[in-house]
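Position one of the sequence shown corresponds to residue 146 (the working numbering), numbered consecutively onward.
Everything labelled a hint here was simulated from the structure, so no lab data went into it.
One or more hints might be untrue.
[Said to hold, decoys possible] Below, simulated BS3-like cross-link-like pairs (lysine-lysine); rule was C-alpha separation at most 27 Å, straight line: (1) K209 / K221; (2) K239 / K291; (3) K309 / K239.
[As the list claims (entries may be wrong)] Estimated spans, in silico, between C-beta atoms of each pair: (4) E208 / Q294: 34 to 40 Å; (5) V243 / Q213: 24 to 30 Å; (6) R316 / D362: 22 to 28 Å.
Each residue gets a CB set at the ideal place from its N, CA and C atoms; glycine is no exception.
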Amino acid sequence: MFCGTMKSMAVGLVLAGLVLPGCVASSKYYTQQDELARTQDELDSTSAQLKDAEDILVTSENEKSTLQAKAAQAEKLAAENAKLQATVDELKKKGMIVTPDGTTLIAENGMYGWRAEGDVVFAPGSDKLTKDGERILKDLAGQLKKNGQPVQVWGHTDTDPINKTKDKWTRGNIELGANRAMSVKEYLVDQGVEEARISITSYGPFKPVANGSSAADKAKNRRVEIMTRLPDKM
Numbered sequence: 146m147f148c149g150t151m152k153s154m155a156v157g158l159v160l161a162g163l164v165l166p167g168c169v170a171s172s173k174y175y176t177q178q179d180e181l182a183r184t185q186d187e188l189d190s191t192s193a194q195l196k197d198a199e200d201i202l203v204t205s206e207n208e209k210s211t212l213q214a215k216a217a218q219a220e221k222l223a224a225e226n227a228k229l230q231a232t233v234d235e236l237k238k239k240g241m242i243v244t245p246d247g248t249t250l251i252a253e254n255g256m257y258g259w260r261a262e263g264d265v266v267f268a269p270g271s272d273k274l275t276k277d278g279e280r281i282l283k284d285l286a287g288q289l290k291k292n293g294q295p296v297q298v299w300g301h302t303d304t305d306p307i308n309k310t311k312d313k314w315t316r317g318n319i320e321l322g323a324n325r326a327m328s329v330k331e332y333l334v335d336q337g338v339e340e341a342r343i344s345i346t347s348y349g350p351f352k353p354v355a356n357g358s359s360a361a362d363k364a365k366n367r368r369v370e371i372m373t374r375l376p377d378k379m
């Protein structure tokens, strides 16, 4: 009996010796698998971050290129406007372009023309021409008829909301600027400028020449601009 018991214990120890190393090996295997999975997750996360960084870099480069192109275009346009301004100033000196009292000679976007403050050309809050406005436009009509080029009339206002005449201008400053431009167009047509040559635009308060909020700055922004191009021959 004792011998049989000893044999059983011996067999048990042998089996335990065989099973225990197997359990240890299995445990190490699963631990390594977990570490491998974590490493893979970290690698995937790093790859995603790298891809995001590359996308940001590409976007930044594209935005940089776009800004550079716009800057170059703006620089070119500024140079062209400066050249045109010098040309019209020279023509003014020669008497070939006349600037009526109350107007300023300007050059913009390949065009030249006359800027008149709205308070000179119109009564406050109105699209009705003043006597000075009619005088200015009559003089300009004579020059435009000789020019023969297309004409653009730009209406501008300040940023103040319309109060006294708000019932008339329910759409606000944009509508007032448009009607003032239309009044200028109608007067030029009455003076003999072909209607088909004239287009109008209202910028309302959205294209100021003075960025301050003083009364003087607002007066500068209330204006009308009559623009055209130089004829092929002068």
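Hints, verified against the model:
Restraint check for K209 and K221: satisfied, since their Cα atoms lie roughly 18 Å apart, inside the 27 Å limit. Pair hint K239 plus K291 holds up; C-alpha atoms about 16 Å apart against a cutoff of 27 Å. Restraint check for K309 and K239: not satisfied, since their Cα atoms lie roughly 45 Å apart, outside the 27 Å limit. Taking the beta carbon of each, E208 and Q294 are about 38 Å apart, inside 34 to 40 Å as hinted.
Against the hinted window of 24 to 30 Å, the Cβ-Cβ separation of V243 and Q213 comes to about 41 Å, which falls outside the hint. About 24 Å separates the C-beta atoms of R316 and D362, a value consistent with the hinted range of 22 to 28 Å.
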